[in-house]
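Q: Letter by letter, the chains look like this.
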Amino acid sequence: MVAISQYGAPGEPDDLRRVLDDDGKPLPGVKVPSIPEATLTRIFEVMLLTRIMDDRMMRLQRQGRLGFYMKSIGEEASHFAVAPLRNGDWIFPSYREQGAWFWRGYTVQNFIDQLFGNEDDPIKGRQMPVHHSANWLNLVSISSPVGTQIPQAVGAAYAAKVMGKDDVSMVYFGEGTSSTGEFHVGMNFAGVWKAPCVFICRNNGWAISVPSTTQTAAKTFASKAVGYGMPGIRVDGNDLLAVWQVASEAIERARAGEGPTLIEALTYRVQGHSSSDDPSVYRDPKEPEIWEKKDPLNRLRGYLRHKGMWNEARETELSAQYNQEITDALAASDGKHAPPIESIFDDVYEELPWNLREQREYLMAQARSKNPHHHG
Amino acid sequence: MVAISQYGAPGEPDDLRRVLDDDGKPLPGVKVPSIPEATLTRIFEVMLLTRIMDDRMMRLQRQGRLGFYMKSIGEEASHFAVAPLRNGDWIFPSYREQGAWFWRGYTVQNFIDQLFGNEDDPIKGRQMPVHHSANWLNLVSISSPVGTQIPQAVGAAYAAKVMGKDDVSMVYFGEGTSSTGEFHVGMNFAGVWKAPCVFICRNNGWAISVPSTTQTAAKTFASKAVGYGMPGIRVDGNDLLAVWQVASEAIERARAGEGPTLIEALTYRVQGHSSSDDPSVYRDPKEPEIWEKKDPLNRLRGYLRHKGMWNEARETELSAQYNQEITDALAASDGKHAPPIESIFDDVYEELPWNLREQREYLMAQARSKNPHHHG
Amino acid sequence: MPTMNIIEAVRDALRMQMRADKRVVVLGEDVGKFGGVFRATSGLFDEFGGERVIDTPLAEAGIIGTAIGMALYGLRPVPEIQFGDFIFPAFDQIVNELAKFRYRSGGQYPCPVVIRTPVGGGIRGGHYHSQSPETLFIHTPGLKVVAPSNPYDAKGLLLACMRQNDPVLFMEPKRIYRASKGEVPEGDYVLEIGKASVTREGSQVTLLAWSGMVSIADETAKQAEAAGISVEVVDLRTLMPFDIDTILTSVKKTGRCVIVHEAPRTCGFGAELIASIQERAMEYLEAPIMRVTGFDTPFPYSLEHEYMPNPDRVLGAIRQTLEW
Amino acid sequence: MPTMNIIEAVRDALRMQMRADKRVVVLGEDVGKFGGVFRATSGLFDEFGGERVIDTPLAEAGIIGTAIGMALYGLRPVPEIQFGDFIFPAFDQIVNELAKFRYRSGGQYPCPVVIRTPVGGGIRGGHYHSQSPETLFIHTPGLKVVAPSNPYDAKGLLLACMRQNDPVLFMEPKRIYRASKGEVPEGDYVLEIGKASVTREGSQVTLLAWSGMVSIADETAKQAEAAGISVEVVDLRTLMPFDIDTILTSVKKTGRCVIVHEAPRTCGFGAELIASIQERAMEYLEAPIMRVTGFDTPFPYSLEHEYMPNPDRVLGAIRQTLEW
Ligand SMILES: Cc1ncc(C[n+]2csc(CCOP(=O)(O)OP(=O)(O)O)c2C)c(N)n1
Ligand SMILES: Cc1ncc(C[n+]2csc(CCOP(=O)(O)OP(=O)(O)O)c2C)c(N)n1
Ligand SMILES: [Mg+2]
Ligand SMILES: [Mg+2]
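Residue numbers (my numbering), protein chains in the order written: chain A, 39 to 414; chain B, 39 to 414; chain C, 15 to 338; chain D, 15 to 338.
Source of the hints: derived by calculation from the structure; they are not laboratory data.
Accuracy of the hints is not assured; some may be wrong.
[What the hints assert, rightly or not] Listed next, with one range per pair, are the computed distances between beta-carbon atoms:
hint, chain 1, residue 1, chain 2, residue 2, range
1, A, Asp-316, C, Asp-326, 30 to 40 Å
2, B, Ala-369, D, Arg-192, 52 to 62 Å
3, D, Arg-192, B, Gly-202, 30 to 40 Å
4, C, Trp-338, D, Arg-138, 24 to 34 Å
5, D, Pro-199, C, Asp-326, 35 to 45 Å
6, A, Lys-408, C, Glu-197, 29 to 39 Å
7, D, Asp-202, A, Ala-76, 52 to 62 Å
8, C, Glu-206, B, Ala-76, 39 to 49 Å
[Said to hold, decoys possible] Within a straight-line C-alpha distance of at most 27 Å, the following computed DSSO-like cross-link-like pairs (lysine-lysine) qualify:
hint, chain 1, residue 1, chain 2, residue 2
9, B, Lys-199, C, Lys-36
10, C, Lys-195, C, Lys-267
11, B, Lys-324, D, Lys-47
12, B, Lys-232, A, Lys-257
13, B, Lys-69, B, Lys-345
14, D, Lys-236, B, Lys-408
15, C, Lys-266, A, Lys-257
16, C, Lys-47, A, Lys-324
17, B, Lys-199, C, Lys-209
Every residue gets a Cβ at the ideal spot worked out from N, C-alpha and C, and that includes glycine.
Please construct the entire structure, taking both the sequences and the accompanying hints into account.
A: Printed below as a string of structure tokens:
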């Protein structure tokens with residue numbers, strides 16, 4: 039409840055950038071960004087895929103078939119701050135922007151192989167579910183320790199500048215993460231370096247059980263930009279058009295050499311923090327209900343339909359298609375092995391030093407003695 | 039030079055709190071804080087002692103008789119933000135607020151014994167020169183790693199609150215230190231907890247060779263308070279009356295339960311960072327000259343004389359007295375031994391564990407074998 | 015005597031000490047209303063209120079930094095770091111500040127902070143929910159490091175830690191937080207810090223283990239016994255200062271020693287144990303001291319069972335030392 | 015061949031590699047116009063400009079965090095941490111990020127960052143300008159740790175580090191930054207990472223040392239020789255991966271070994287060396303391996319000479335091992 043008043047229900051503060059109302063109608067007097075129809079419908083499609091994937095994976099987790107999962111339900115629009123980026127731009131994600139991955143071309147099969155950490159997992163089964171990495175898409179490896187990606191993104195942005203490229207870095211983090219030292223040092227370096235970097239603070243109201251009002255006494259997270267000499271923008275994070283608009287502006291500023299921007303995307307974590315969480319212990323169930331009315335999919339769907347760009351038939355068909363893709367990918371994944379035992383020693387260094395060679399021999403000998411048919 | 043414009047020469051920004059002009063005359067229309075005459079002259083006396091001590095110790099260092107020293111010349115007024123505190127209030131200093139120590143009652147002998155790390159050093163020769171500690175004065179042990187004291191001060195402030203006391207914590211740090219993660223987490227916790235804590239950012243323009251413009255792109259260091267939901271005040275740090283005034287207000291707010299304040303005390307590091315530094319390598323020698331005209335001692339002296347509270351004779355006499363005290367303390371220190379060898383193992387823990395007992399025996403046996411007359 | 019698991023024993027100790035000593039406060043991420051992600055502090059918020067059971071902003075450096083300030087002023091803070099893997103943002107506060115405060119102030123400022131944190135793998139946590147960082151803290155003079163392996167020890171040791179005046183890293187074995195159950199006295203008791211416990215007597219080889227690895231050592235000892243090998247198991251319980259006397263007594267008796275730990279092998283605490291033993295009892299050793307450890311890789315996800323020491327590997331080392 | 019001290023050799027390597035490879039950038043506190051508090055980067059700002067020789071804000075976590083991002087994108091950053099004692103605010107970025115990036119991304123994101131930092135005592139720096147934190151990094155899989163003891167090695171190893179693709183902690187012995195002088199080739203050369211050097215041959219006992227302690231070992235060996243004891247000195251140069259072959263060859267030859275390090279004794283790297291040697295060559299050992307180390311206390315100020323290993327203490331250990 040503490041958290042509610044801060045999150046705009048009922049009366050958002052004036053400085054919140056919005057385009058659509060809760061039903062997806064453009065607000066009176068607001069300029070609607072011009073986004074090509076194909077792009078806009080593609081965004082909706084990827085949002086839909088994200089929603090369906092979350093739903094399916096969570097059910098899988100509940101059935102005990104998947105170890106761990108993290109949903110982003112209700113926050114999907116905020117993932118598409120990446121949509122106005124070019125492919126050469128770099129993204130430093132946190133763990134809750136599935137949409138950004140699919141947008142860039144990470145496949146359903148990639149995603150599911152990672153969750154299961156199987157032999158086709160792009161990261162070879164090294165990390166927990168939802169810790170993706172896709173260097174071929176300039177999507178940087180996700181880390182569990184929150185906030186570490188923030189100065190890293192600034193370093194990449196600086197590097198682009200030094201190397202004479204006009205690539206931009208975009209980095210995501212939750213509002214809880216704004217409390218870390220890493221947030222501060224990253225923002226501060228970016229300001230001093232005028233780094234071409236866009237900071238997206240996904241303010242979903244909660245950091246596990248801790249409400250955003252316990253994270254800071256500042257009026258808004260966007261206001262923290264003052265301390266770093268950069269613009270701070272607060273946007274309705276459930277309003278895709280507004281997210282697109284402010285992200286585009288920030289990306290253009292960055293690319294033009296005008297420096298970084300902090301964007302606070304106001305949204306809400308409608309469900310638990312992860313599959314291990316039970317929010318009923320610490321928050322009023324009425325709070326998510328209020329936010330369900332502001333669902334980002336509904337709002338974009340409303341807008342698209344109103345514009346004649348979308349209809350139910352298309353959605354039904356597409357949903358079926360996505361569901362099938364997921365089913366197929368799961369089936370494919372079922373047949374896959376764990377990564378080979380010896381791979382445990384790869385990628386610690388470029389080449390195996392003697393201690394790892396010795397340890398690998400030891401482990402493989404052990405594996406062979408337990409399973410004489412294993413050829414390690 | 040980059041740094042100059044930011045430091046108020048010639049035209050300070052409007053939000054800089056001042057009372058005295060550069061000659062020590064009250065600015066027109068500004069209310070002069072009412073400070074008892076005895077207090078005010080005592081502050082001047084301690085400022086004078088600080089200046090004399092810095093001078094003497096630096097000369098000693100140059101003569102090779104002292105390993106290391108750090109002056110605060112030109113920044114002394116900023117030390118006296120502690121003056122409106124009560125003795126029960128806690129101070130978390132950085133390494134450049136000598137005046138605060140003398141104000142609280144740390145003696146010339148204490149100070150010199152610490153510099154030499156001798157057997158009477160209050161901290162038993164454990165740390166480098168200028169890393170004092172005086173728990174009997176609620177002055178907390180100085181650390182070299184900058185910024186660590188900031189969250190610690192917030193913790194002490196919170197503790198006072200929980201324990202039902204109305205003590206306030208005051209913490210000092212340089213503007214360079216505002217770039218650390220510790221600054222951020224400390225300020226942020228203080229805001230959320232409404233901790234009775236006063237933050238003094240001594241903005242002396244430089245962090246060793248790095249100008250303050252490289253530390254942040256924010257307009258002022260005081261503006262960083264916005265991100266923590268607390269007031270940020272910018273004060274002329276060479277103007278004792280203004281420092282007293284803003285500190286008093288912040289202390290009163292804290293004590294009344296209204297929460298923390300960030301004070302940026304604008305001053306200037308007129309000389310090198312420490313005895314190891316040579317600023318001519320990295321800055322224009324004209325810069326310090328400009329600031330010498332704003333010398334805090336001169337300004338307070340001017341005010342006191344104008345008010346008839348001070349005269350030259352008194353200063354000459356007092357200077358001689360302080361010089362004598364220092365000479366005596368140095369002489370006393372000359373006769374003192376290093377701390378006993380076995381003390382190397384004390385205070386790691388409350389009691390010596392076996393490994394330290396064993397190591398102590400080993401070292402003492404070694405010492406005895408080298409010097410059979412030593413009784414360890 | 016009630017039966018408790020480790021989580022319950024920890025909670026019991028915290029509750030007991032918070033009732034006895036108003037200066038004790040608990041702080042950390044999600045420790046308040048939620049009662050901690052492992053529920054170790056569950057119920058404390060309701061009983062002691064938000065001033066003493068504090069949900070902090072998300073910043074480990076802030077948790078430890080403020081805890082230090084609280085301790086200096088006179089409280090007895092017991093911060094929780096949600097996972098041992100997330101202790102590193104607070105590393106400077108721990109190794110440069112907390113550990114050195116008493117020393118650097120010439121004894122003026124003791125700093126009694128007890129940091130609780132769950133450690134170890136086996137819960138499918140990958141590299142960031144599985145690490146065993148004890149070496150880093152044992153190597154830091156000024157800290158005590160305590161690592162219980164069962165509910166009885168957890169309660170008695172945590173109470174002891176909260177009643178002494180040095181900073182402590184209290185490592186809790188998260189894999190067996192709930193699985194390890196045992197009788198725990200309802201009332202007050204403390205176990206001496208710095209004392210190991212011989213959990214099984216034997217004559218041919220000494221197994222040294224702590225935290226989550228004690229159960230692996232015990233399991234191995236049973237299998238070894240079945241194979242006719244008599245194994246003595248020593249649960250170190252305190253890693254700094256470790257109980258050199260109990261260790262030496264056992265190794266001098268058996269003449270052989272195997273050390274089991276989850277942390278990476280190189281510079282793991284096993285190395286120190288080997289060094290300390292060979293310095294003092296080389297003439298008693300019938301074979302090199304063996305180590306069964308995690309590998310020198312980050313903690314993996316899919317292959318975590320291949321990574322972690324298991325009875326098979328420990329038994330292999332025992333045989334090797336016997337056959338040497 | 016010109017004579018250089020260690021500072022000059024480091025600077026020479028940096029300059030040479032910055033000329034050869036535009037991707038190399040240097041960043042840190044005071045490394046720009048000032049040229050670093052020890053002057054290691056002096057002149058680089060003038061030659062390469064502020065974009066490649068970067069004075070950062072005062073935040074080690076930012077220095078390493080941004081260096082990681084630079085390396086991911088394609089630069090070859092060589093950050094400087096002003097004193098090894100101030101590396102801890104960046105500890106999370108180093109151990110959880112830098113060290114694990116390649117592994118956790120399945121090899122997608124190598125992270126070639128070479129962190130330079132001065133370490134060790136003997137300059138009257140007290141606990142915060144004297145520490146030797148190598149253990150913490152050797153124990154962190156994914157990092158290489160290099161610790162030269164003289165100008166020739168410093169240049170050849172630093173060049174090698176900047177040309178390979180793993181993260182490195184490059185520890186520089188600040189006490190002898192200027193005191194250690196020697197001939198250093200003007201041109202390009204690299205020394206192999208992971209190779210120790212036998213700086214003095216001997217037959218009765220092996221001395222293992224690195225960084226600032228090699229000069230103490232050499233000095234001791236001279237004194238020992240005068241007393242009729244033949245000492246072999248091995249300068250490890252690389253601590254991870256350390257050169258087990260050279261170590262074993264020497265210890266098998268001499269049968270006796272003394273290890274010298276400045277860091278606190280317990281869980282210092284000496285412990286690992288003892289463990290690794292006794293596991294592989296116990297049958298060759300005529301006496302326990304001895305350690306001469308810093309004590310398990312924070313690094314003191316007034317008594318720093320009592321704290322640090324010196325030839326007297328090393329010679330004592332040599333005699334002890336010979337008389338065992
Ligand atoms: C350094 C660190 N400390 C603690 C954690 C445990 N943890 C995981 S997620 C989380 C909350 C993050 O909240 P927020 O930044 O708001 O992101 P959200 O989960 O809401 O997307 C915490 C405390 C962690 N991952 N890293
Ligand atoms: C964590 C840490 N990093 C680096 C240093 C080295 N260092 C000592 S003082 C200093 C500059 C501090 O500048 P500022 O905070 O402005 O304080 P001032 O010296 O100007 O009073 C630096 C970089 C340190 N002491 N601690
Ligand atoms: Mg959140
Ligand atoms: Mg400064």
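Q: Against each hint, give a clear statement of whether it holds in the structure.
A: Status of each hint after checking the structure:
{"no.": "1", "hint": "Asp-316/A - Asp-326/C: 30 to 40 Å", "result": "37 Å, holds"}
{"no.": "2", "hint": "Ala-369/B - Arg-192/D: 52 to 62 Å", "result": "34 Å, violated"}
{"no.": "3", "hint": "Arg-192/D - Gly-202/B: 30 to 40 Å", "result": "56 Å, violated"}
{"no.": "4", "hint": "Trp-338/C - Arg-138/D: 24 to 34 Å", "result": "49 Å, violated"}
{"no.": "5", "hint": "Pro-199/D - Asp-326/C: 35 to 45 Å", "result": "53 Å, violated"}
{"no.": "6", "hint": "Lys-408/A - Glu-197/C: 29 to 39 Å", "result": "36 Å, holds"}
{"no.": "7", "hint": "Asp-202/D - Ala-76/A: 52 to 62 Å", "result": "54 Å, holds"}
{"no.": "8", "hint": "Glu-206/C - Ala-76/B: 39 to 49 Å", "result": "56 Å, violated"}
{"no.": "9", "hint": "Lys-199/B - Lys-36/C", "result": "13 Å, holds"}
{"no.": "10", "hint": "Lys-195/C - Lys-267/C", "result": "31 Å, violated"}
{"no.": "11", "hint": "Lys-324/B - Lys-47/D", "result": "18 Å, holds"}
{"no.": "12", "hint": "Lys-232/B - Lys-257/A", "result": "14 Å, holds"}
{"no.": "13", "hint": "Lys-69/B - Lys-345/B", "result": "15 Å, holds"}
{"no.": "14", "hint": "Lys-236/D - Lys-408/B", "result": "20 Å, holds"}
{"no.": "15", "hint": "Lys-266/C - Lys-257/A", "result": "66 Å, violated"}
{"no.": "16", "hint": "Lys-47/C - Lys-324/A", "result": "18 Å, holds"}
{"no.": "17", "hint": "Lys-199/B - Lys-209/C", "result": "38 Å, violated"}
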